[in-house]
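Trainee: Sequence:
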Amino acid sequence: MRFQILGPVRVWQATSDLELGPPKQRALLALLLAHAGQPVPLHGIVDSLWREDPPATAVNVVHRHVAALRRLLEPGLRSGTASSRLVRASGGYGLNVSGDELDLLRFRALREDAHRCAQQGDQIKAVELLVEALDLWRGPAASGTFPEVRALPVFTAIDDEHVVAVKAAAAYVPPAGAALTERVLVTLRQAASHHPFDEALQARLIEVLAAAGRQAEALETYQVVRARIAEEIGLEPGPELREAQRGALEQSYRPQPAALATNTSRPAPAAAADRVCPAQLPRELGAFTGRGAELERLDSLVPGPGEPAHTVVLSGMAGVGKTTLAVHWANRLAPRFPDGQVYVDLRGFHLSGATMSAAEALRALLDAFGVPVGDIPAELHAQAATYRGLLAGRRVLIVLDNARDSEQVRPLLPVPHGCLAVVTSRHQLQGLMAVEGADSVTLSPLDESEARALLGRRLGAQRVEREEQAVAEIISLCERLPLALAIVSARAALNPGYPLAAIAEELRASHGSLDAFTGEPPLADARCVFSWSYQALTPEAARLFRLLALHPGPDCSVAAAASLTATRPRQTRAHLTELVRAHQLFENEPGRFSFHSLLRAYAAELVEEIDTDDEAAAATTRVLDHYLHSAHAAETVLAPHRERITPRRHAVHTLPERFPDQRAAADWFDRERPVLLAAVERDGRRGDGTFSWQLAAVLELYLDRNGRWQQQRTVQTTAITAAQRGGDLLGQAHGHRALGFALSRLEQWEGADEHLERALHLSEELGDTRGQARVHRYGAFVANRHGRHADALDHYWLALRLYRSAGHLNGEASVHNEVGWTYLLMGEYDKAIDECSRSLAIHRQTGDPNGEAAAWDSLGVTRHQLGHHERALDSFRHALELYRRIRDSYLEADTLVHIADTHLALGRKDSAGRTLRQALDILEHIGHPSAEGVRARLLEIG
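Under our numbering, think of the first position of the sequence shown as 88, with each following residue one higher.
Honestly, the hints are just simulated from the structure, not real lab data.
Built from N, CA and C at the ideal position, the CB exists for glycine as well.
One or more hints might be untrue.
Quick list of simulated restraints, FRET-style, between CB atoms [what the hints assert, rightly or not]:
#1 A928 / T733: 26 to 36 angstroms
#2 T664 / Y585: 40 to 50 angstroms
#3 E844 / V251: 19 to 29 angstroms
#4 E844 / R931: 33 to 43 angstroms
#5 R497 / P390: 11 to 21 angstroms
#6 V251 / P390: 53 to 63 angstroms
#7 A1023 / E957: 24 to 34 angstroms
#8 P390 / S531: 17 to 27 angstroms
Work out the full structure: start from the sequences and follow the hints.
Mentor: Here you go:
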């Protein structure tokens, strides 16, 4: 018999997973296991299970649960016979278990063995033992029991043992080698995310990253931890964290050789983006007015074509118009920067706390210049070097909006001559002025004439002139703050018969709280102004305004808003239009709506004040279910015969989207990708984790096909952490499998092997044959990439056997095609044709056009290798027709490349060039990293 408490409480008899009974009985078993053979007094059991309010029958209930557990653990025990397993002792009960039976005892024994090895100087063996011990954990101790039980000191102490073991493994890891370092890093990252304020643990993470040669990531981790501690606790990092940072700065550990390797076979990303001239500036507001003196000052700071790059900081309080002025000025300057104008919202004061990191901002900037996703380095310093090299010889305008601090901005500043960076922030960013030589322009509220002109533009000159005294009072009470004036004028514009004098009276009645706009913090002081616009809304629009604060992403569609509010889309569209007209929302593009960050903060406060916790929780569940089930529907359309999860049942009144074809499904994923990624992260941090891992599983195919492997890595890491927190083994299996494959795409082989091995172990433990088969297919992919074709075939035969046992014909067919591809790589073309033909026949039988197209493409490549070029082209045409019919753009482009190869073999250079250009157009449109290779091929053939 085997017992598990390091994660969900489970008991196995041989290979059978025993049903442990009702929650209180399960909690009692957990309590006895936690004491590992030591008796627990009866009063201690009662206190633990019921805390301060036990029922009168509590002791009898405990006795009944004990009797039930005895029958479960010793089914052959006769009535009236003393139990040798669950024994009565010392006025309570104890459970007799051995070290081989209980994972907690095994964990402790391995820790002790590791400690002895470390004392004897064998640190590598110590790390191996600690990794083996940590592998026993399936989540927090006794996860799945009542939260009140989980909070007992006996369980939190066990969780603390896990943290101690992680720290010990990290302390021994520097001499342990690359493979062990990667294994420790997996556990160390997860533990650090669970304990964000454990400075010793965060220091170990920084040290191990540095030891692995990831200095940039180590330093970025320190900055993230430092900012978190300062924001949440108001303290600076302690000496242990500072020492870890110093070690990373001084590169105390030599990086592993693999970390220094580079791929020199591809052109530099800057070369790939040589012709891209982005034009990303937001549209100017039609009501812009004033700021003449500031514009004159700003114009004087623009560098000439041969002058050094320069940075200008626009700072001031919230609502003073920093972004409005920056966008207006940048649009005026755009013709003077012919090589591109880029805009990034750094989200420095975003309510959700999702401040954009410097690395994320650099990825956005590189993406704007057309650098393929796969060519963007993982480390911050490498991203910055690529960015600076890309700007060399160009004259580019960069607008960095809503910056948090100088450290967030510094890696984003241009170096080449002639470039200009415009930074907006609520902070002065003195560090940029002192170190980078930036110029600062501090914005104050508008002057009297500018404020009057602003109201005249929004309300009409006649109305302003007709009520001059009321206008003067409004301007005075708003203290000439542009945001306050805009909100007040929106209220007046929506009610053209409403006297401006009445609005002035409401401002007076609010006891002048608009005065607070001149101080800190502005978020809390904007409530009164925002309330006027809010009170003018219809009840339905007001409810939508509040609930939108619960939406996870940067913008929201009509359909998602309908699910959020449990209303029909047509009604929701009308309410959204009302909010846009009241300047409560922005419609950035048709059908996409977003908040200003201050208004989101106000809406969030209203949710807490007006809506009950149950109403808010129900709305959150509906919108998350909307995205999960919409994404599941889209993935089903994209790959109808692929094995997939069955998502949790969606909440009542959720309206998931439906898709008529694969193009619509793919377009939806493209539009909603930022929201979906944010939803995974939000539920991973705040929810129970089920939604997070399920959405991550649904996103796997889309992210992989589109070459977004770094995002895949982030998403699946979050999913694994969330599933571990909830003790969900299926979620962990999906996450490890997808993460392993993503790491193989990124050529991070050791991490790939580690996660795929973990996924296989979990899938076997769950009895998930299809999951096991998918892991073997991914393992075969890795083996083929290393030229280990015999190993790949072994994986494929195992996958084939598993699919057959599961009755999954399409899985079998896909494996036959992949076996054929492996034979193709081995040069055994006759076997390749046999396997691919078998795949083709099964896919035709089951009606799977995607699988059929893949088999035709493999047949085409094989016939090309045999020199049967016309037959190869015929096979490719079948594949191309199918891919176009099902709207699979990436694989259409892949087949076009194969067609071009065959044209070249036939001496048809012009045909090959035309075909490659078609492929390149597709790959560039979807932003796939393969585009660079196709572009290089075109250059080769001229």
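Trainee: All hints, please: hold or fail.
Mentor: Verification of the supplied hints:
1. A928 / T733: 26 to 36 angstroms: holds (29 angstroms)
2. T664 / Y585: 40 to 50 angstroms: violated (20 angstroms)
3. E844 / V251: 19 to 29 angstroms: For V251 against E844, whose Cβ atoms are near 25 angstroms apart, the range 19 to 29 angstroms holds.
4. E844 / R931: 33 to 43 angstroms: holds (36 angstroms)
5. R497 / P390: 11 to 21 angstroms: Since the Cβ atoms of R497 and P390 sit about 19 angstroms apart, the hinted range of 11 to 21 angstroms holds.
6. V251 / P390: 53 to 63 angstroms: Once the Cβ atoms are compared, 55 angstroms apart, the range 53 to 63 angstroms for P390 and V251 holds.
7. A1023 / E957: 24 to 34 angstroms: holds (27 angstroms)
8. P390 / S531: 17 to 27 angstroms: Holds, since P390 and S531 (Cβ atoms, about 26 angstroms apart) stay within the stated range.
Of the numbered hints stated above, the single one contradicted by the structure is hint 2.
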